[in-house]
Amino acid sequence: MEILRPEQQVMQAALQVQSARAELLAGNVANADTPGYVARDLKFDAALDQVMNSRSQGAPTSSDSVITPENLNFDHNDVDVIQQLAKSSDNSFSYVATLKLYGDSMNRVISATSSS
Amino acid sequence: MSVEGIFAVANSALTAQSQRMTLIAQNLANVDSVNSPEGGPYQRQIAVFEAQQLGAGAGAAVGVKVAQVVKDNAPGAEIFDPSNPFADEQGLVKEPNVNPVFEMVDLMQASRSYQANLSVIQSANTSAMKTLDLLK
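If you read the sequences in order, they're chains A and B.
Going from the first sequence to this note's numbering is simple: count from 1 and add 14.
Going from the second sequence to this note's numbering is simple: count from 1 and add 180.
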């Protein structure tokens, strides 16, 4: 028997993808001034599928889920810091929202199983 | 959740940007140094950034580091100052190739990048705190 309900498994996978994405975006901001660096990102749905299907604890990394944008600068660096920071805020908003849902659903399980 | 990963990435960037700012400060300080330990006028120094894998594996976080510090070989201006001990036979002194305006613009960019990485740390920290709140 699965202890976690299906939606909780999806939420866990989503949290994994969102934290991996946060790391990628942090790397993009860090390399905003690195010549030749190309910004990286995850395709959320593809990465979620990957985590759900592999059931592994590792971060989603397959290269086909990494998008590489096209507008290269004169130093062959395409990082737009504003855009990356906006993506990063958006990502942490989703992370916190998923976390809230996950916590609530866990609390429901706990109150359903507690004795009094 | 790799809050540690995000912190490591942002930390590497903060370190690299401070090294860049140190070099800019050094360039600005030596804007009038017509002599240097190696001889000749001071040459401005530039930090070259390079993406750096933090940890092993394909999914490892990508930080940044100062790969090397290069000297700008562009010639500086020559001014006429015969009383200067470093003047040549014609009384010309080679000035450093530091342009204060250029350095200040570079400094602004470095400090903006530094701030951007600070805000990444802040947002990762907020998420991590919310994660800890699950235990309440």
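Among the hints, a few may not be true.
Here are the simulated distance ranges between beta carbons [claimed, not checked]:
#	chain 1	residue 1	chain 2	residue 2	range
1	A	T127	B	E230	27 to 37 angstroms
2	B	K316	A	D94	29 to 39 angstroms
3	B	A247	A	I96	18 to 28 angstroms
4	B	T202	A	E21	17 to 27 angstroms
5	B	E184	A	S128	25 to 35 angstroms
6	B	E258	A	I96	36 to 46 angstroms
7	A	T127	B	A247	23 to 33 angstroms
8	A	S103	B	Q233	22 to 32 angstroms
9	B	M288	A	A126	52 to 62 angstroms
10	A	E21	B	V250	36 to 46 angstroms
11	A	D94	B	N264	39 to 49 angstroms
The set of hints was computed from the structure by calculation and includes no laboratory data.
Values in this document were obtained by computation on a predicted structure and should not be read as measured data.
Ideal Cβ placement from N, Cα and C applies to all residues, glycine included.
Going down the list of hints, with the structure as the test:
Judged by the Cβ atoms, the range 27 to 37 angstroms given for T127 (chain A) and E230 (chain B) is violated: they are separated by roughly 53 angstroms. The hinted range of 29 to 39 angstroms is satisfied by K316 (chain B) and D94 (chain A), whose Cβ atoms lie roughly 38 angstroms apart. Separation of A247 (chain B) from I96 (chain A) is about 26 angstroms and conforms to the stated range, judged on CB atoms against 18 to 28 angstroms. Distance hint check: the CB atoms of T202 (chain B) and E21 (chain A) are about 51 angstroms apart, inconsistent with the given range 17 to 27 angstroms.
Between E184 (chain B) and S128 (chain A) the beta carbon distance is about 34 angstroms. The supplied range of 25 to 35 angstroms therefore holds. For E258 (chain B) and I96 (chain A), the hinted distance range of 36 to 46 angstroms is satisfied, since their beta carbons lie about 42 angstroms from each other. Here the CB-CB span from T127 (chain A) to A247 (chain B) is close to 55 angstroms, at odds with the stated 23 to 33 angstroms. For the pair S103 (chain A) and Q233 (chain B), the supplied restraint of 22 to 32 angstroms holds, since their beta-carbon distance comes to about 26 angstroms.
In this structure the supplied range 52 to 62 angstroms holds for M288 (chain B) paired with A126 (chain A), their Cβ-Cβ distance being about 57 angstroms. Roughly 55 angstroms separates the CB atoms of E21 (chain A) and V250 (chain B), a value that falls outside the hinted 36 to 46 angstroms. A C-beta distance of roughly 47 angstroms is found between D94 (chain A) and N264 (chain B), which places it inside the suggested range of 39 to 49 angstroms.
Violated hints for the displayed structure, listed by number in ascending order: 1, 4, 7 and 10.
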